[in-house]
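Peer 1: Sequence:
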Amino acid sequence: MKHYLRPEGSPPVNGYSHAVAFSGTSVAVSGQVPVDAEGRIVGEGDPEGQLRQVFVNLRTALAAAGAGMADIAKLTVFLTDLADLGAFRKVRDEFIDVERPPACSLVQVVGLVHPAFRVEIEALAVLPVESVQPG
1402 MKHYLRPEGS
1412 PPVNGYSHAV
1422 AFSGTSVAVS
1432 GQVPVDAEGR
1442 IVGEGDPEGQ
1452 LRQVFVNLRT
1462 ALAAAGAGMA
1472 DIAKLTVFLT
1482 DLADLGAFRK
1492 VRDEFIDVER
1502 PPACSLVQVV
1512 GLVHPAFRVE
1522 IEALAVLPVE
1532 SVQPG
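Plus 1401 on top of the position in the sequence shown (first one is 1) and you've got the working numbering.
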């Protein structure tokens, strides 16, 4: 993957790359929500707690496909409250390489599938060609 953090003439960024080029096998990760492995909502009313659980779920889904957080090329983030943006940035930076951040879109939404959910995040990752296993 090649990260184009801030190409000449682009506006400043805060934790994302303007573009990421890659080749290899793509891994699409469905939107992850703040639910633990037992199906319980985590961090109700706590943006950081919800975000941390979502990133743990992303990491788990990626691992199942043979990928890791460093393989993420693009994140799409859905927040119900833009006041949670600071919490998102803080938690995101605990899980991703801040020197090689993925491309990212962030959208405020009226609601998610459960009224207690404050965040949902989906990811597009890429496995290097040499790491792809037949299956």
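For the record, the hints were derived by calculation from the structure and aren't laboratory data. Since the structure is predicted, the reported quantities are computational estimates derived from the model, not experimental observations. Hints may contain errors.
As the list claims (entries may be wrong) - 25 Å max Cα-Cα, derived SDA-like pairs, lysine to any residue:
no., residue 1, residue 2
1, K1403, G1444
2, K1491, T1461
3, K1403, A1517
4, K1403, A1438
5, K1475, D1485
6, K1403, D1485
7, K1403, G1440
8, K1491, A1471
9, K1491, A1429
10, K1403, I1442
11, K1491, G1425
12, K1491, V1530
Unchecked claim - Per label pair, the in silico range of CB-to-CB distance:
no., residue 1, residue 2, range
13, V1530, G1440, 21 to 27 Å
14, Q1509, V1530, 34 to 40 Å
15, P1413, G1467, 15 to 21 Å
16, R1441, V1511, 21 to 27 Å
17, H1419, I1442, 20 to 26 Å
18, E1409, A1484, 17 to 23 Å
19, D1447, T1477, 36 to 42 Å
20, R1407, A1438, 36 to 42 Å
Cβ atoms here follow ideal geometry from the backbone N, Cα and C, with glycine treated the same way.
Peer 1: Now, for every hint given, state plainly whether the structure supports it.
Peer 2: How the hints compare with the structure:
no.: 1; hint: K1403 - G1444; result: 35 Å, violated
no.: 2; hint: K1491 - T1461; result: 20 Å, holds
no.: 3; hint: K1403 - A1517; result: 37 Å, violated
no.: 4; hint: K1403 - A1438; result: 33 Å, violated
no.: 5; hint: K1475 - D1485; result: 20 Å, holds
no.: 6; hint: K1403 - D1485; result: 29 Å, violated
no.: 7; hint: K1403 - G1440; result: 36 Å, violated
no.: 8; hint: K1491 - A1471; result: 17 Å, holds
no.: 9; hint: K1491 - A1429; result: 24 Å, holds
no.: 10; hint: K1403 - I1442; result: 36 Å, violated
no.: 11; hint: K1491 - G1425; result: 30 Å, violated
no.: 12; hint: K1491 - V1530; result: 32 Å, violated
no.: 13; hint: V1530 - G1440: 21 to 27 Å; result: 36 Å, violated
no.: 14; hint: Q1509 - V1530: 34 to 40 Å; result: 37 Å, holds
no.: 15; hint: P1413 - G1467: 15 to 21 Å; result: 34 Å, violated
no.: 16; hint: R1441 - V1511: 21 to 27 Å; result: 24 Å, holds
no.: 17; hint: H1419 - I1442: 20 to 26 Å; result: 34 Å, violated
no.: 18; hint: E1409 - A1484: 17 to 23 Å; result: 33 Å, violated
no.: 19; hint: D1447 - T1477: 36 to 42 Å; result: 22 Å, violated
no.: 20; hint: R1407 - A1438: 36 to 42 Å; result: 38 Å, holds
Checked against the numbered hints given earlier, the structure breaks hints 1, 3, 4, 6, 7, 10, 11, 12, 13, 15, 17, 18 and 19 and satisfies all the rest.
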